[in-house]
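Asks: Sequence:
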Amino acid sequence: MNDVRLAVVSEERLDLDTHLTAVEDPRLGAVTTFVGRVRDNDPDAATPVVGLEYSAHPDAEATLRRIAQAAGAEADAPAVVAVSHRIGRLDVGDAAVVIAVASEHRAEAFEVCRAVIEAIKSDLPVWKRQLEVDGTSSWKGIGG
Numbered sequence: 001m002n003d004v005r006l007a008v009v010s011e012e013r014l015d016l017d018t019h020l021t022a023v024e025d026p027r028l029g030a031v032t033t034f035v036g037r038v039r040d041n042d043p044d045a046a047t048p049v050v051g052l053e054y055s056a057h058p059d060a061e062a063t064l065r066r067i068a069q070a071a072g073a074e075a076d077a078p079a080v081v082a083v084s085h086r087i088g089r090l091d092v093g094d095a096a097v098v099i100a101v102a103s104e105h106r107a108e109a110f111e112v113c114r115a116v117i118e119a120i121k122s123d124l125p126v127w128k129r130q131l132e133v134d135g136t137s138s139w140k141g142i143g144g
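Numbering (the numbering used here), first residue to last: 1 to 144.
It should be emphasised that the hints constitute simulated quantities derived from the structure, not laboratory data.
The structure displayed is predicted, hence computed values, not measured ones.
Misleading hints may appear alongside valid ones.
[As the list claims (entries may be wrong)] Per label pair, the in silico range of CB-to-CB distance: (1) T136 / F110: 12 to 22 Å; (2) T21 / R106: 32 to 42 Å; (3) R37 / P58: 20 to 30 Å; (4) R13 / N41: 21 to 31 Å; (5) P26 / G135: 45 to 55 Å.
Idealized CB from N, CA, C, for every residue including glycine.
Make the full structure from the sequences, and use the hints.
Replies: Spelled out as structure tokens, the structure:
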């Protein structure tokens, strides 16, 4: 029953409840979530970070679905996944990534959730421009 019920790259605000609803299943007793938010600092930034601008390759959504499918397929038990990545201008505190995973038991739910975010960081064709309070910016590529 490995199933990707939501895999979206969007300019719209991401909603955790939408992801939780997508993975609802009476057969599955464990749900894990991950929300990656824009923070006001970065080790490479000389001044506070005020936002990020994300851009994506046209194939990013299909890649996101493949990432979620692969993570679920490698789990020891069935899992369902809902995952979204936001693009466009995000301010400090905005959610850039939301993941929800449901499985029969917690170990698999945590395992799949972690596999999804790690693959997003290394494989999703999304780039970000980090904006600092002093007006400087820097580009971060895949894995950034």
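Asks: Hints first: check each against the structure and report whether it holds.
Replies: Comparing the hints with the structure gives:
1. T136 / F110: 12 to 22 Å: Violated: the Cβ-Cβ distance is about 37 Å, outside 12 to 22 Å.
2. T21 / R106: 32 to 42 Å: violated (20 Å)
3. R37 / P58: 20 to 30 Å: holds (26 Å)
4. R13 / N41: 21 to 31 Å: Since the Cβ atoms of R13 and N41 sit about 22 Å apart, the hinted range of 21 to 31 Å holds.
5. P26 / G135: 45 to 55 Å: holds (52 Å)
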